[in-house]
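Heads up: the protein sequence lines correspond to chains A and B, in order. The opening residue of the first sequence carries number 620 in our numbering; numbering runs sequentially from there. The opening residue of the second sequence carries number 8 in our numbering; numbering runs sequentially from there.
Hints listed in this document are in silico derivations from the structure and should not be mistaken for laboratory results. The structure displayed is predicted, hence computed values, not measured ones. By construction, the Cβ of each residue, glycine as well, lies at the ideal position given by its N, Cα and C atoms. Watch out, some of these pointers could steer you wrong.
[What the hints assert, rightly or not] Short derived list, chain B residues pointing at chain A, Cβ under 10 Å: (1) N56; (2) K84; (3) I85; (4) V88; (5) G93; (6) F95; (7) P96; (8) L110; (9) N114; (10) Q117; (11) R138; (12) P140; (13) A141; (14) Q142; (15) L165.
[What the hints assert, rightly or not] Some chain A residues well away from chain B (every beta-carbon gap over 12 Å; in silico): (16) L673; (17) G681; (18) S702; (19) V706; (20) P763; (21) L803; (22) Q807; (23) F812; (24) I823.
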Amino acid sequence: MITPVPLFNYFGFLLDPANWGWSDGSIPQRLVEHLGYTVLAVLIAAAIALPIGLLIGHTNRGAFLAINIGNAGRALPTFGLLSLMVVLMGTGLVPALIALVVLAVPPILASTYAGIRAVDRSAVDAAVGMGMRPTEVLFRAEVPMALPLIMSGLRSSTLQVCATATVAAYVGLGGLGRFLIDGLARNQYDQVFAGAVLVAALAIALDLAGAGLERAVVSPGVRQRGSARRGRRRGARSTDTSTQEAPTASTAG
Amino acid sequence: MITFDAVTKAFPGGTVAVDNLSIELPTGQITVFVGPSGCGKTTSLRMINRLIEPTSGTISIDGEDVTKQDAAVLRRKIGYVIQHAGLFPHRTVQDNIATVPLLNGVNKKQARENAVELLGRVGLDASMATRYPAQLSGGQQQRVGVARALAADPPVMLMDEPFSAVDPIVRDGLQKEFLRLQAEVGKTIAFVTHDIDEAIKLGDTVAVFREGGHLAQVGTPQELLDDPADDFVADFVGRDRGFRGLSFVTAEGLEVEPVQTYVDGVRGVRLLLDDAGRPRGWTVNGSDDVRAITGTFTKQDSLRLVTDLAISSPAGVAVRVDGDGVADGAATHASIADHLADARRESAG
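Just chain B, with the same shape it has in the complex:
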């Protein structure tokens, strides 16, 4: 657990970057610091590994005050990932990953073997081990950055906007793999981002900062969406927070209608199935052009996805599939609305 106790950071010249911050980052969980620029989120992060020293207050990791430890020794026990990866261009990928183990005196052969193994865990091929960072794409560099932070198996990781410098598609892939990896390793992670969507997607806990280094609200993503503490948080979370809240509801209890009903759907739209019963696409008004199916959902997917599929499909219907990809139900706008109404009654009563 990382604990901030009444931490204040004032820079020379009087700017107060962080003002009397007290927050606990639970062990084994991702805590996201989110807020507009200049809100003190990065300063707070950098005080954990003493890249910035607090003006007053204490930060402790598992009860130990960080300022009482040798800074270099402390940092080697904390994984550090930054925006542009910050890889060493003169070192190969494997030697980049082996940086902290080598500083700790692990022999080179052992450190490199571990590095190659880590490459696999972050989804890169072992053949990348001997390349130089300049030969990798931005997304690949960022994966190497994550592997490098994990190399010495630190209990704590600090991540400063690690996925902001890559394009949205790559970012989405990196975020998913990051969550998968975290499910395996269970690190205590402090994660800084300015992107509320990323915060909601990744955070077990989200701490919303406002200008001047004040904490506006701390809570689970759902709490933030359902019950923002004030106008600032509501505004920051965004106007579509109701829709985004659907991300936390699964389609498990959603009533679906049989697929056959919609073989002849609205306005002459037909759903085409292949011989095994898997959805292939839509045809409109008997035309031979098949519009590829935009997507399907399973019971584990979120209601947000279901709603989006229903809106974007030409028939106003989202197709549910089972584990084999065979269509086994269709959700209409009406069934989604009923499901939401049920959920509301349950939470109210």
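Chain A on its own, in the form it takes in the complex:
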């Protein structure tokens, strides 16, 4: 029979000031490690997936192969892949990063490709017809228009990696996974609980940061949520019988 653990115990680890100093195995240190794995994995994945996604989106060639390889990567269980990497390469940061990068690539690749393909063809035709060279078409027209989707791919990839980076602890690395594994091993459920809460909190913080970045880099004219889109719908229905017509949408919103 399981004796229920008193509620306050869940927060014991999390609220203990001793765990918030900067020392080996403290909460701030584990947070920084976890953040480090996440950011590193997403950056490497972006460095791989963005150029490929842009290329296949722009040329519309090789999409089938790239997207399917990407999706196969998504289907691989990260823990299984990590175990395989450890068998092949031994423990350390590299096998853990490889496992996380394989997880992070597919959302970025798929959304970058889809974003570029979803760009209004008439705008691209205009870009070419006005004398933009291929790289100018890509970076001055297609990428800015595809940014909302590209950004959402980066954000969902970041979330997945942040949640999964706990596996690093299984191969002797740090990060918030340590609290889960060590806590389970020692029956210290308040530590397990702290690990879970901290992973969730970090994921939320990263997603908020992603939203901020998205606001900063995505033009208001193509932002998915918000005024511009409402304006487009309204604008599409309205007719202008004169140039003096009332504005179809305001920027307030």
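Guided by the hints, dock chain B onto chain A, whose structure is given.
Just chain B, lined up with the frame of chain A:
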């Protein structure tokens, strides 16, 4: 001048979109390519700025073969307007307009100033400069599209069905302003449309294409209406081409009767004038209901308008006004018919 010399475009698979096309587009004029879909008019247009490369033959602008030039450099010297405007949604109106100047290395401040100035020329308020395309109506977007094509002041403009995606009232306004603008700028324009009415309204020269990329007839709008080369052109121009031909005759020499005669018109219809003598409307059978006047004409208007007014007015009379809007004459069905008969005798003799 844009010259097509024996230009053929065959697509892989054997479809011949344009077959041995030779035509000259005079400098400073609007040449309209018109025809049913699949007749090669858009393909012909897109070969001018090398969005499509010809299979054989040459296209030259002022004697220079377009295929001998760098495509991007060539295109920056040719304004390009397309059906749905194709504005960049991520750029403000002013930055859309400044696209080509920015590509050419004009500094941003200068390019934006020019863009705002151009907004005025296409009939938009300067306050639109910082809006995004999604915040504009279709007609406004199309105006921005025209301003964007004009921004680098190119001698040549290509317009691919620029006004087809807007509703008829907006289209009419855009066409009128386009003609006014062209009178100012005098560009060499190739204009594609499937709408024969638009072709006749806008073209200095109209080239009628038929399926398979053949040229059926090239001529002024009036030549097409008066003397279609074959059944295809006659059919395409439409059954009412005689009536539409009246668009090219002004009411200048039309004999009118004094307005007073028709104060008491047929069937008890009366024309009401205000104190200054401007027409206000019609009353029927002494009723107090005033039917607003449907329209008036001046000496500069076309006979087509006069005829239409005469038919639609309750008295069978079109009212002529002077520059101040004061009624100074009335044209009846009979006076229009006499005028047409005179015109026929003149052209025959």
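Hint check: 10 Å Cβ-Cβ cutoff, B/P140 to chain A
holds (7 Å)
Just want to verify: A/L803 was marked as not at the interface with chain B; is every Cβ pair farther apart than 12 Å?
holds (49 Å)
Does the claim that A/F812 lies off the interface hold, with its Cβ farther than 12 Å from every Cβ of chain B?
Holds, because the least Cβ-Cβ distance between A/F812 and chain B comes to about 45 Å, which exceeds 12 Å.
Non-interface claim for A/G681: all C-beta distances to chain B beyond 12 Å?
holds (21 Å)
Please check whether B/G93 passes as an interface residue: C-beta within 10 Å of a C-beta belonging to chain A.
Check passed: Cβ of B/G93 comes within 3 Å of chain A, closer than 10 Å.
Just to be careful: measuring from the Cβ of B/A141 to every Cβ in chain A, is the smallest value less than 10 Å?
Where the cut-off is 10 Å and the nearest Cβ of chain A is about 4 Å from B/A141, the hint holds.
Report holds or violated for the interface hint on B/N56, using the least CB-CB distance to chain A and a cut-off of 10 Å.
Constraint on B/N56 satisfied, holds at 6 Å.
Less than 10 Å between beta-carbons is the criterion; does B/K84 satisfy it with respect to chain A?
Given a least distance of 8 Å, the restraint on B/K84 holds.
May I ask you to test the interface hint for B/L165 with respect to chain A, counting a Cβ-Cβ separation under 10 Å as satisfied?
holds (8 Å)
Would the stated hint for B/L110 survive a check requiring a Cβ distance to chain A of less than 10 Å?
Where the cut-off is 10 Å and the nearest Cβ of chain A is about 6 Å from B/L110, the hint holds.
Hint check: is the beta carbon of B/P96 less than 10 Å from a beta carbon of chain A?
holds (5 Å)
Compute the least Cβ-Cβ separation between A/S702 and chain B, then decide whether it is above 12 Å.
holds (45 Å)
Figure legend: structure checked against the earlier numbered hints; hints not met, in rising order: 9, 10, 20.
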